[in-house]
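Please take these sequences and the hints and turn them into a complete structure.
Protein chains: 2
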Amino acid sequence: MKRTALSLLAFALGITSMFAQQAIFERQNIVSPQKNDDGTVTLRLRAPEAKKVEVMGDCIDGYRKEMNKGENGVWSFTTQPLAPELYSYRFYADGVELQDPANWNRSRDVRSFMSTFIVSKEEGDCGYLYGNHNVPHGNIQQVWYDSPTLGMSRRMSIYTPAGYEKGGSYPVLYLLHGMGGDEDAWLTLGRASQILDNLIAAGKTVPMIVVMTNGHADNDASPEFTALTQRGRQKASFEESFPEVKSYIEKNFRVKKGADNTAMCGLSMGGFHTFHISLMNPGMFGYIGLFSAAVRMDRNSNKSIDQQIADDAQVSGQIAAVFKAKPHLYWIGIGKTDFLYEQNKGLRTYLDKMKYPYEYYENEDGHIWRNWRIYLSIFSQKLFK
Amino acid sequence: MKRTALSLLAFALGITSMFAQQAIFERQNIVSPQKNDDGTVTLRLRAPEAKKVEVMGDCIDGYRKEMNKGENGVWSFTTQPLAPELYSYRFYADGVELQDPANWNRSRDVRSFMSTFIVSKEEGDCGYLYGNHNVPHGNIQQVWYDSPTLGMSRRMSIYTPAGYEKGGSYPVLYLLHGMGGDEDAWLTLGRASQILDNLIAAGKTVPMIVVMTNGHADNDASPEFTALTQRGRQKASFEESFPEVKSYIEKNFRVKKGADNTAMCGLSMGGFHTFHISLMNPGMFGYIGLFSAAVRMDRNSNKSIDQQIADDAQVSGQIAAVFKAKPHLYWIGIGKTDFLYEQNKGLRTYLDKMKYPYEYYENEDGHIWRNWRIYLSIFSQKLFK
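If you read the sequences in order, they're chains X and P.
Residue numbers for the first sequence follow my numbering, beginning at -15 and rising by one.
Residue numbers for the second sequence follow my numbering, beginning at -15 and rising by one.
Just so you know, these hints were derived from the structure itself, not from any lab.
Since the model is a prediction, treat every value here as computed from it, not as a measurement.
Backbone N, C-alpha and C fix where the C-beta goes; we use that ideal spot for every residue, glycine too.
There could be a bad hint or two in this list.
Derived contacts from chain X toward chain P, CB cut-off under 10 Å, selection only [claimed, not checked]:
1. Asn56
2. Ala77
3. Ile124
4. Thr210
Taking lysine-lysine pairs in the DSSO-like style, the calculated list, with each CA pair at most 30 Å apart, reads [unchecked claim]:
5. P:Lys241 to X:Lys150
6. P:Lys235 to P:Lys219
7. X:Lys235 to P:Lys150
Right, here's the structure in full:
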């Protein structure tokens, strides 16, 4: 009886719902993205009336590229052979922006959308790490916590590792997003739950709780859940309010406490937050990670960054206190073309002069999610061991 | 220093990220949707090269409508005055489907996307119920549970009401999606967390845990999280596996048990699941809700639905057992033009003949989310009182 019911439902929905019907009609025969045997990927869009169709994205080197018109009004573009990675792209049909109608994989970056696909060559490569596999999965919670400091209830995302329900206590990583993100960013663009699931299943990363906050102190939540967005009218900084996050987590989750079991890292503005929250709370974090971090930047100063730090008694004193507490790891990662490269170089110069120990990771590219996913993959494997 | 850092970040990101730069450039001056004082809504798309731009959606009566080309290549369409509701729409530029680039509000329905907006006239209307307001918020968990019956670990979504963290135990509503959905559907298209937050805050609905499963027994999760999709190769039915859901919830959440504290409802295929899970477990649910439910349907039979039920000793016996357990509420809701209207009429005829008590709600329109959001709003207010 079940089968009959479902068949009839499909039939009846098909002829009564204009949305479903049109969706089926328009998507027919369009395969996009199509992964080819030679490692290239073909993107397609059916647009018979268009005079020009372009594609833009990080799967294509450079800016917009024109697509080629083929049979039945289907335009296509084939990339170069692609290395393992999560790629994003967008089409322009006669200049009008759209996401690939044949590809339901999309990511929201604040208020902008891109179509996405993952290339993976073998188990364990970065494309594999970003995908969903048949391994034990951690759970995700999206909770509201009180922040008297910011005068509002605020939303954050929490990953608990597979097996958490069975008991035991776990170390905690606070994972902060950049200026463009919110409490969803590390879960969507950052693929944090997939990275953690896959690295934990492979025995490379220790099971841990991962807390993903919203770093905009004038917002309560991502655009999909916000009731309070008061641009620029924040009562205090996110950094000042951070203890309220930690307090909520330690009250509501089974966490191992103390610096040995507490880590923080963040990208860009989240790196700035990580830097300053760790300065404000020396000895709180045994593991500190700066990913393409905004560190210190007085645009009008003609002093070098390391000299600016040295001349600031408060900051240099706080840095001394952080290192006096002997964190297990102070990790700095940045890409060679990142616009914050020089700032990070200045911070490193200061740390070198003071003989404060840190690990440094430098790779290609700039201020992009591709790097931050890589940094999380590397950094998470170094924690709580 | 914080302000300076953020300004510099914005500046530097603006000129280094081609995505951000293009996004800013293209969205300038386009306001869409624009809510007008007379209750109409204007939708706009900038497409200077297009020969024809159309809009389709439930904010427009009927199929695709042509938009009007105005200055600077901006096409527009103004709706009739709109009643409070969550509306969805999509553009077609020379036949190419796209979502409104100026509107970041979008909903995924399985693998299809629509742009959305909410119209609300006053506190408490249905548009208000579907929006985010500054009221205490429930949390959302997305967890994996073991299903030996289906041979996989499976994902589901759980809403816990505001205050759950503080203690106490709560009744449970199992809320099932239709054939087109997954464990995200009631949260996105269904606005379940907003409906519950707002009705609970208004004192109209009792605080409760809401469990939103994935009813496709051959899937483990929504497309964004699936590692296992085996169309048609299911080991057993979702209905047979349901006790594993209930067992997980009662083990991992502080729930009030027993029929007085247990409800189930579902839409379309989820109504079918609700009907049959309640038949398989008479006395388990004190509250049962069928929303536009697929009930019984032997297409080849020339017998009426009520006669089919009467002639099926197993089903009629199960129905007798369900009503013998005296549920507090057996609720049936359906729209007048729903393609399942006759089936529901047949079920009601049977219940009437047998003098089994139920509540019936009939409204306009057919097999659409608009109705299911309304049914949840009504049904949830009747529970656990």
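Each hint tested on the structure:
1. Asn56: Constraint on X:Asn56 not satisfied, violated at 12 Å.
2. Ala77: holds (5 Å)
3. Ile124: Constraint on X:Ile124 satisfied, holds at 5 Å.
4. Thr210: holds (6 Å)
5. P:Lys241 to X:Lys150: Distance of about 21 Å is within 30 Å: holds.
6. P:Lys235 to P:Lys219: holds (25 Å)
7. X:Lys235 to P:Lys150: Roughly 10 Å between the alpha carbons, so the hint for X:Lys235 and P:Lys150 holds.
Comparing the model with each numbered hint stated earlier shows that hint 1 is the single one that does not hold.
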